Each structure stands twice: as C-alpha cells, then as structure tokens.
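Asks: The residues making up each chain are set out below.
2 protein chains.
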Amino acid sequence: LIQNTFGDVLRKYRKLHGFSQEKLALEANVDRTYLSELERGIRKPTINTVFALSYALGLKPSEVIREVEEEYEKIVDNLGEKV
Amino acid sequence: LIQNTFGDVLRKYRKLHGFSQEKLALEANVDRTYLSELERGIRKPTINTVFALSYALGLKPSEVIREVEEEYEKIVDNLGEKV
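If you read the protein sequences in the order shown, they are chains A and B.
All residue numbers for the first sequence refer to the working numbering, where the first residue is 564 and numbers rise by one.
All residue numbers for the second sequence refer to the working numbering, where the first residue is 564 and numbers rise by one.
Excised from the complex, chain A in its bound form:
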C-alpha cells in the first residue's frame, strides 16, 4: 500500500517535471527497470532511493513523503482501518 502510493507520487512528479524514466534513472543513479518497478509499486524503495529520486527531481524528500503520507492516510481512513 505505501509502496503503491509512493509509486503514484513518483510517477506524477516525474511527468510534471518532464522527465522520462530513462532520464530520471540516470540522474538519480538507479536502474531504469528498478525505477519502473518502483512506479508500479512492485518494489519498496529504501530511504536512500527516496532521497536520490527526490533530489534528482529538484524536490525535498520530506515533501515527497508528506504527499505519500497524505494519500496513504486518506486510503486507510476510507478503509475504516486503524493506522
């Protein structure tokens, strides 16, 4: 769930900044296939990957995490579950 939300936020900002997966992967020094898996929520990023991708997009890691957190809490609230 958290990794799916992260993947959605990452894809949104990558497109907003006009980056291809190839370009972002190169600038953040991550594998292109790994980046694609992150965007699809298949892999869980480490904190280091979150920092590298955020900075490559010109964003603060805490801004990216805040957005993931807001989306995640909305989904959990809608499910009526406890965080």
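Certain hints may be false.
When chains are identical, the list treats them as one kind, so a pair holds in a single copy or across two.
What the hints assert, rightly or not - As a list, the in silico DSBU-like pairs of lysine-lysine whose alpha-carbon atoms are at most 35 Å apart:
id : residue 1 : residue 2
1  : Lys607    : Lys578
2  : Lys575    : Lys586
3  : Lys623    : Lys575
4  : Lys623    : Lys586
Hint data in this document are derived by calculation from the structure and do not stem from the laboratory.
Owing to the predicted nature of the structure, the values given are computational and were not obtained by experimental measurement.
Please build the complex by placing chain B on the supplied structure of chain A, with the hints as guidance.
Replies: Structure of chain B alone, referenced to chain A:
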C-alpha cells in the same frame, strides 16, 4: 550517510518517547535486531519501515524525514559537496 542520519534521528525520538528497543520493535512490528542495526546505520530502512516506526512513535513519517533531511544537508554542506 543517509542511513546513519536516520539511525541517529530514530534513536533520539525513541529515547525522547521513553521506548526501549524491545517496545518499539514490538509496536512497529519489526525485528529487535533489525531495529538495533537501523539505529547504528548498518541497515537502510525501506519506506514501509520508516512509516511503521514513525507511526509507532506517534510521529508523522514526513516529520522524521524532514529532520533526517536537515541533518543530512548540514553534513553535506559542511563537506562542501554537492547534494
């Protein structure tokens, strides 16, 4: 570097909230040895672990990450390196 900063921030908040490693590990549903390794900067947490530990301490994940980011950027600035 990032994982060391995360480990320091995590230990600080754990102690501030009066949690033992055992209690935090139990509440966040992570292994006690793994938590100890995170605090020592030996392991890199996934985003899911960051969320679980933050919520267990009653904190927002973005607050924890903002503090890691501030400490990390201070260290990088002092090294005179580019982020």
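Asks: For each hint, tell me whether it holds in the structure or not.
Replies: Tested hints:
Within a single copy, Lys607 and Lys578 get their C-alpha atoms as close as 20 Å, and across copies as close as 27 Å, so both meet the 35 Å cut-off. In this assembly of identical chains, the alpha carbons of Lys575 and Lys586 lie at most 35 Å apart only when taken from the same copy (15 Å versus 37 Å across copies). For a Cα distance limit of 35 Å, the shortest separation of Lys623 from Lys575 qualifies both inside one copy, at 15 Å, and across copies, at 22 Å. Taking CA atoms no more than 35 Å apart as the test, Lys623 paired with Lys586 passes in both settings, with 19 Å inside one copy and 31 Å between copies.
This entry satisfies every hint, going by the numbered hints stated previously.
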